[in-house]
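Participant: Dock chain B against the given chain A, drawing on the hints supplied.
In order, the protein sequences belong to chains A and B.
Just so we're on the same page, my numbering is the position in the first sequence counted from 1, plus 26.
Just so we're on the same page, my numbering is the position in the second sequence counted from 1, plus 26.
Please keep in mind that the hints were generated in silico from the structure rather than gathered at the bench.
There may be inaccurate statements among the hints.
For identical chains, the list gives no copy identity; a pair is met inside one copy or between any two copies.
List time: in silico PhoX-like cross-link candidates among lysine-lysine, alpha-carbon distance up to 25 Å [said to hold, decoys possible]:
(1) Lys65 - Lys110
(2) Lys175 - Lys269
(3) Lys47 - Lys207
(4) Lys207 - Lys256
(5) Lys70 - Lys146
(6) Lys110 - Lys29
(7) Lys66 - Lys289
(8) Lys148 - Lys110
(9) Lys130 - Lys175
(10) Lys47 - Lys351
(11) Lys289 - Lys226
(12) Lys256 - Lys110
(13) Lys289 - Lys207
(14) Lys175 - Lys240
(15) Lys29 - Lys148
(16) Lys240 - Lys148
(17) Lys110 - Lys269
Protein chains: 2
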Amino acid sequence: MRKYNVAVVGATGLVGGTILKILEERDFPIENIYLFSSKKSAGKALEFRGREYVVEELKEDSFARDIDLAFFAAGGSVSERYAKYAVKEGVMVIDNSSIFRMDKDVPLVVPEVNPEEVEKGKGIISNPNCSTIQSVVALKPIHDRYKIKRIIFSTYQAVSGSGLAGLRDLEEGLVECYPHKIQGNVIPHIDSFLDNGYSKEEMKMIEETRKILKDDSIRITATTVRIPVKYGHSVSINLELEKPFQLEDVYKVLEEFEGIIVKDDLSNNIYPMPLDVAGSDEVYVGRIRRDYSVENGLNLWVVADNIRKGAATNAVQIAELLIYKGK
Amino acid sequence: MRKYNVAVVGATGLVGGTILKILEERDFPIENIYLFSSKKSAGKALEFRGREYVVEELKEDSFARDIDLAFFAAGGSVSERYAKYAVKEGVMVIDNSSIFRMDKDVPLVVPEVNPEEVEKGKGIISNPNCSTIQSVVALKPIHDRYKIKRIIFSTYQAVSGSGLAGLRDLEEGLVECYPHKIQGNVIPHIDSFLDNGYSKEEMKMIEETRKILKDDSIRITATTVRIPVKYGHSVSINLELEKPFQLEDVYKVLEEFEGIIVKDDLSNNIYPMPLDVAGSDEVYVGRIRRDYSVENGLNLWVVADNIRKGAATNAVQIAELLIYKGK
Numbered sequence: 027m028r029k030y031n032v033a034v035v036g037a038t039g040l041v042g043g044t045i046l047k048i049l050e051e052r053d054f055p056i057e058n059i060y061l062f063s064s065k066k067s068a069g070k071a072l073e074f075r076g077r078e079y080v081v082e083e084l085k086e087d088s089f090a091r092d093i094d095l096a097f098f099a100a101g102g103s104v105s106e107r108y109a110k111y112a113v114k115e116g117v118m119v120i121d122n123s124s125i126f127r128m129d130k131d132v133p134l135v136v137p138e139v140n141p142e143e144v145e146k147g148k149g150i151i152s153n154p155n156c157s158t159i160q161s162v163v164a165l166k167p168i169h170d171r172y173k174i175k176r177i178i179f180s181t182y183q184a185v186s187g188s189g190l191a192g193l194r195d196l197e198e199g200l201v202e203c204y205p206h207k208i209q210g211n212v213i214p215h216i217d218s219f220l221d222n223g224y225s226k227e228e229m230k231m232i233e234e235t236r237k238i239l240k241d242d243s244i245r246i247t248a249t250t251v252r253i254p255v256k257y258g259h260s261v262s263i264n265l266e267l268e269k270p271f272q273l274e275d276v277y278k279v280l281e282e283f284e285g286i287i288v289k290d291d292l293s294n295n296i297y298p299m300p301l302d303v304a305g306s307d308e309v310y311v312g313r314i315r316r317d318y319s320v321e322n323g324l325n326l327w328v329v330a331d332n333i334r335k336g337a338a339t340n341a342v343q344i345a346e347l348l349i350y351k352g353k
Numbered sequence: 027m028r029k030y031n032v033a034v035v036g037a038t039g040l041v042g043g044t045i046l047k048i049l050e051e052r053d054f055p056i057e058n059i060y061l062f063s064s065k066k067s068a069g070k071a072l073e074f075r076g077r078e079y080v081v082e083e084l085k086e087d088s089f090a091r092d093i094d095l096a097f098f099a100a101g102g103s104v105s106e107r108y109a110k111y112a113v114k115e116g117v118m119v120i121d122n123s124s125i126f127r128m129d130k131d132v133p134l135v136v137p138e139v140n141p142e143e144v145e146k147g148k149g150i151i152s153n154p155n156c157s158t159i160q161s162v163v164a165l166k167p168i169h170d171r172y173k174i175k176r177i178i179f180s181t182y183q184a185v186s187g188s189g190l191a192g193l194r195d196l197e198e199g200l201v202e203c204y205p206h207k208i209q210g211n212v213i214p215h216i217d218s219f220l221d222n223g224y225s226k227e228e229m230k231m232i233e234e235t236r237k238i239l240k241d242d243s244i245r246i247t248a249t250t251v252r253i254p255v256k257y258g259h260s261v262s263i264n265l266e267l268e269k270p271f272q273l274e275d276v277y278k279v280l281e282e283f284e285g286i287i288v289k290d291d292l293s294n295n296i297y298p299m300p301l302d303v304a305g306s307d308e309v310y311v312g313r314i315r316r317d318y319s320v321e322n323g324l325n326l327w328v329v330a331d332n333i334r335k336g337a338a339t340n341a342v343q344i345a346e347l348l349i350y351k352g353k
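Chain A extracted, bound-state conformation:
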């Protein structure tokens, strides 16, 4: 089997480090691995498959060697500045930032949902927003079967979504990463605000969901909220469907879909929760029940590990898909 030369940009960060862990766990076929970071973190040694690697400072010519695939997990400004150098060298870039996601030439891929899109990549494939990934996994089988007319997202997002700085704010009660104290608090503000009163995070959920489900007719609104939890995003999803449904069929459709685990046994207090899903690669769906306030209304509660399925795992799955498709 062919092996690949792989680069991880942002290797000292939370997502970058988790990508390394997942490459190990999934036994990704790697020949050589190259780790990059900002000047500040360069020189650190990281272990990968029992060997130590020194992290290099990312530079414009970092990709001028035999690299097949690069994971970018160092934020939008790094991707914006350096991804083009990787692409120029023929490296396939899997980018975790939001910067290229809505570019019509860039596939935005969740492997369980729209694997066919990877074929269309012209050098960059974007990894969607964390809350969006877990939501579209749950929504895809429902959209296919019943056609979704309208979605209302309310999120409960963990601080690890902001990386190590978010975890530090929570653990130490600091106000460095967030504009307010997150310890013991709830902050209805993720990413910056736009003129329409929405945060960028909310607009990502709206726009990325439409792009991934390939249906601009779906009407969507979102409220995204940071809560004092370390790992695991939860999303309360309210749906209005085009077609009528039986609840037992919805359960079945969800259970049969790749990547979903239905946890919904109320009499035994079983429903998805962040503490249970941390460390897992699946999307957990529960509290599945009819919304009686509208025709064909459905409520779902969707939880996943935001660093794994919401970021690192999904990126590695995209890479696996690329290999599988022989790209």
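Facilitator: Positioned in the frame of chain A, the structure of chain B alone reads:
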């Protein structure tokens, strides 16, 4: 001015203790105060207005003395068993439990919203559910002006809503009050579950909102969720209104309503948060923005201190209203 003989049932609990504090703060006209609890907590001494009072065990004949008004804050089973003895003795009962709320002969009162209802009391007035109180304060001026067609509630509820036991589970990482660890977790389960897949807490929000706003035509769904925060419930409210609106008018309508403070200045990172509202008696509304996914759609973010406005303050305000109306 006339002074009243007042009883507090559940005086050693979180809500009971806060009722005492609020009676002091608001200089409620009290002649004598009587404190009651279960046998377990009886005998404790509590301070009120600089004097010590010994808590008595609640018994069937506890109200057979000159008491005008009793606050019940000891849970549904205590109210169910003992409120009738108070009523028989002519005591006006203000009950914090859910047990009588949907009884058509029992007014369910939020003083800013439906003060006229206190007139109809036949001995018991119910204090609504905590999340419902703060929500209906925000919704009342909007319903009056634009008529609400549909509401989708997603809540972010503090552990103090479960009293001292909830706080202990969070602080000490226990699994005693809740079926799962709440520390570092999110539990989409408040009160027990019903056959329709909703929790009782969710049905309270649906049914109580309709009763308080006196409009059974409002279509409502709810998802109620416990998060690891001590004080302050947050509610993400999605609305579909009958009439078109201008956002600046919505701001004005909210700002002019008694009991509401609008906190909505995104460029300065100002929006309601639990840490800011703890200790306050107002309902805070922010993130006011159009929901473009439906005609006349509106999103709101509503936060209040669940123990004060969500319970104790509202109960004392009902008592003040009773006095004012000369009941």
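Participant: Hint by hint, note whether the structure agrees.
Facilitator: Going through the hints against the structure:
1. Lys65 - Lys110: within (19 Å within a copy, 73 Å between copies)
2. Lys175 - Lys269: Result: close both inside a copy and across copies, 9 Å intra and 22 Å inter.
3. Lys47 - Lys207: Classified as neither; 30 Å inside a copy, 27 Å across copies.
4. Lys207 - Lys256: both (14 Å within a copy, 14 Å between copies)
5. Lys70 - Lys146: Classified as neither: same-chain Cα gap 36 Å, cross-chain 73 Å, threshold 25 Å.
6. Lys110 - Lys29: within (24 Å within a copy, 78 Å between copies)
7. Lys66 - Lys289: neither (43 Å within a copy, 39 Å between copies)
8. Lys148 - Lys110: Answer is within; shortest intra-copy Cα gap is 11 Å, inter-copy 75 Å.
9. Lys130 - Lys175: Within one copy only: 23 Å inside, 37 Å across.
10. Lys47 - Lys351: within (23 Å within a copy, 68 Å between copies)
11. Lys289 - Lys226: between (31 Å within a copy, 20 Å between copies)
12. Lys256 - Lys110: Intra 33 Å, inter 47 Å, cutoff 25 Å: neither.
13. Lys289 - Lys207: Result: close only across copies, 17 Å inter versus 32 Å intra.
14. Lys175 - Lys240: Intra 13 Å, inter 30 Å, cutoff 25 Å: intra-copy only.
15. Lys29 - Lys148: For lysine 29 and lysine 148, only the intra-copy Cα distance (21 Å) is at most 25 Å; the inter-copy one is 80 Å.
16. Lys240 - Lys148: Close inside one copy (19 Å), not across copies (59 Å); limit 25 Å.
17. Lys110 - Lys269: Result: close neither inside a copy nor across copies, 44 Å intra and 50 Å inter.
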